[in-house]
Amino acid sequence: MKKYPVETSLSYPKKGAMGKTGSWRVFKPILDKKKCVKCLRCWIFCPEGSIHREKDDSVSIDYDYCKGCGVCANECNVKAIIMEREGEKKK
Amino acid sequence: MTIMMDTGNRIAAKAAVMARPEVVAAYPITPQTTLVEAIAEYVANGEFKGEYICVESEHSAMCACIGASAAGSRTFTATSSHGLLLMHEMLHWAALARLPVVMCNINRVIGPGWNIWVDENDSISQRDTGWIQIYCSSNQEIYDTVIQAFKLAEHQKIVLPVMVNLNAFILSHTSMPAEIPDQQTVDDFLGKYTPHWKLDIDNPTTFGNIIGPEYYFKIRRAMQEAQMNAKHLIPQIAKDWKKASGYFHGDLFEYYKCDDAEHILLSMGAIGAESKIAIDELQEAGHKVGLARLRVFRPFPTEEVRKLGKQANLIVIDRNISIGSEGALFNEVKAALYGESEAKATGFIAGLGGKDVTYKDIETMCQKAIQGTAKEQVWYGMEE
Numbered sequence: 000m001k002k003y004p005v006e007t008s009l010s011y012p013k014k015g016a017m018g019k020t021g022s023w024r025v026f027k028p029i030l031d032k033k034k035c036v037k038c039l040r041c042w043i044f045c046p047e048g049s050i051h052r053e054k055d056d057s058v059s060i061d062y063d064y065c066k067g068c069g070v071c072a073n074e075c076n077v078k079a080i081i082m083e084r085e086g087e088k089k090k
Numbered sequence: 000m001t002i003m004m005d006t007g008n009r010i011a012a013k014a015a016v017m018a019r020p021e022v023v024a025a026y027p028i029t030p031q032t033t034l035v036e037a038i039a040e041y042v043a044n045g046e047f048k049g050e051y052i053c054v055e056s057e058h059s060a061m062c063a064c065i066g067a068s069a070a071g072s073r074t075f076t077a078t079s080s081h082g083l084l085l086m087h088e089m090l091h092w093a094a095l096a097r098l099p100v101v102m103c104n105i106n107r108v109i110g111p112g113w114n115i116w117v118d119e120n121d122s123i124s125q126r127d128t129g130w131i132q133i134y135c136s137s138n139q140e141i142y143d144t145v146i147q148a149f150k151l152a153e154h155q156k157i158v159l160p161v162m163v164n165l166n167a168f169i170l171s172h173t174s175m176p177a178e179i180p181d182q183q184t185v186d187d188f189l190g191k192y193t194p195h196w197k198l199d200i201d202n203p204t205t206f207g208n209i210i211g212p213e214y215y216f217k218i219r220r221a222m223q224e225a226q227m228n229a230k231h232l233i234p235q236i237a238k239d240w241k242k243a244s245g246y247f248h249g250d251l252f253e254y255y256k257c258d259d260a261e262h263i264l265l266s267m268g269a270i271g272a273e274s275k276i277a278i279d280e281l282q283e284a285g286h287k288v289g290l291a292r293l294r295v296f297r298p299f300p301t302e303e304v305r306k307l308g309k310q311a312n313l314i315v316i317d318r319n320i321s322i323g324s325e326g327a328l329f330n331e332v333k334a335a336l337y338g339e340s341e342a343k344a345t346g347f348i349a350g351l352g353g354k355d356v357t358y359k360d361i362e363t364m365c366q367k368a369i370q371g372t373a374k375e376q377v378w379y380g381m382e383e
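If you're matching them up, the sequences are chains D and X in order. Be aware that the first sequence starts at 0, since it is given in numbering that gives the first Met the number 0, and climbs by one per residue. Be aware that the second sequence starts at 0, since it is given in numbering that gives the first Met the number 0, and climbs by one per residue.
None of these hints come from the bench; they were simulated from the model. For clarity, every value in this text was computed on a predicted model and none was experimentally measured. Don't be surprised by glycine CBs; every beta carbon is placed ideally from N, CA and C. The reader is advised that the hints may include incorrect statements.
Sample of chain D residues at the chain X side, in silico, Cβ under 10 Å [claimed, not checked]: (1) Tyr3; (2) Pro4; (3) Ser8; (4) Gly15; (5) Lys19; (6) Gly21; (7) Ser22; (8) Val25; (9) Phe26; (10) Asp55; (11) Gly86.
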């Protein structure tokens, strides 16, 4: 990868170029692995690439970069993902 | 080498095409129209081999130039007055993105009321966008400046867009002879364009991403440094072009009969050319007065103004007005002198709305300043 000599608003491919954006989160997605049917809808729809896909198609959430938009919870057909306000546990 | 007897607009178009831009995107507006029409003729006759994009507005013209430049192409456009104002947002964008777009702006009045003649309020109101601004006073200077503008914009120590300004009608529509060097001279002078950054699928980058204050601060600082570098490189490039073509119109200023002058007149654009006749007449009448025609408004030649202030009292003519303050050149001249010189500065607002400023008018203004009867800033012709 070549870096250009000009000082302007250029960013190069790198994990977390803007730092740990997960700190911006207000709502946190919680995954219930028992309900998950491995359909991968959350993995497809996550706009931030914060859903990690394993070899067996099970998924996990990368809280370092998840901004808590809730798209995954909305797309999940079996309600395996719920949104919790940070610092508050749902009953 | 050939002599071209033609208007400022058509000579600017000739220069632009000879610089071999890969993309021209433009929208016509009086009094710039004949410039882009001339480029269209060069497309038709095969002299211009680049991409010519007819866009739906000036905002789009600048956007297309930004896109093409970001993809690594040499780009050119031209506009005037309201067209330039419509581009305003994208002018900032081109400069912050460090894209070496070259543009001719034909200085025209801003409406309302509807008026197509010359004044410089259009480009003056773009002075903080980061663009380098050069003002021409003859068709030969327009040709030579457009060629040099590409060299300047693309220089690795600058990498900023450049605006070449010419006065509406007085230059844009007046035929004057200009010497046109052969294509090889221009090719050798400019060389092949190598972009300093570009959007490239083989070297992926994101442009215009979100950035925090710390990086943003650095980007602004780097632009300022690039403009300061231009203060040294504009004279250097002007010298190099003189070697290549034989033509030289001054560097940051063009000085005329300034030796022993006790009063020095500062003016821009076509008034700068007209001023030479006034200086001849005034010197004949025994006045020790010279002319410093400002060519480069951004970067502002602060050090040169201070030197002038150590030698003489300064007389400034502005064909613009920063409403609520004063003429833009007058304002900046005084800022440069602050704490550095005891020189007296007198400012005149003249020629707004395309009002003629003849050498007789310039003589009268100089005499008033020399006699010390003028107020600090005078609206010429409206004193009472």
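Please list, smallest to largest, the hint numbers that this structure does not respect.
Numbers 4, 5, 6, 7, 8, 9, 10 and 11, in rising order.
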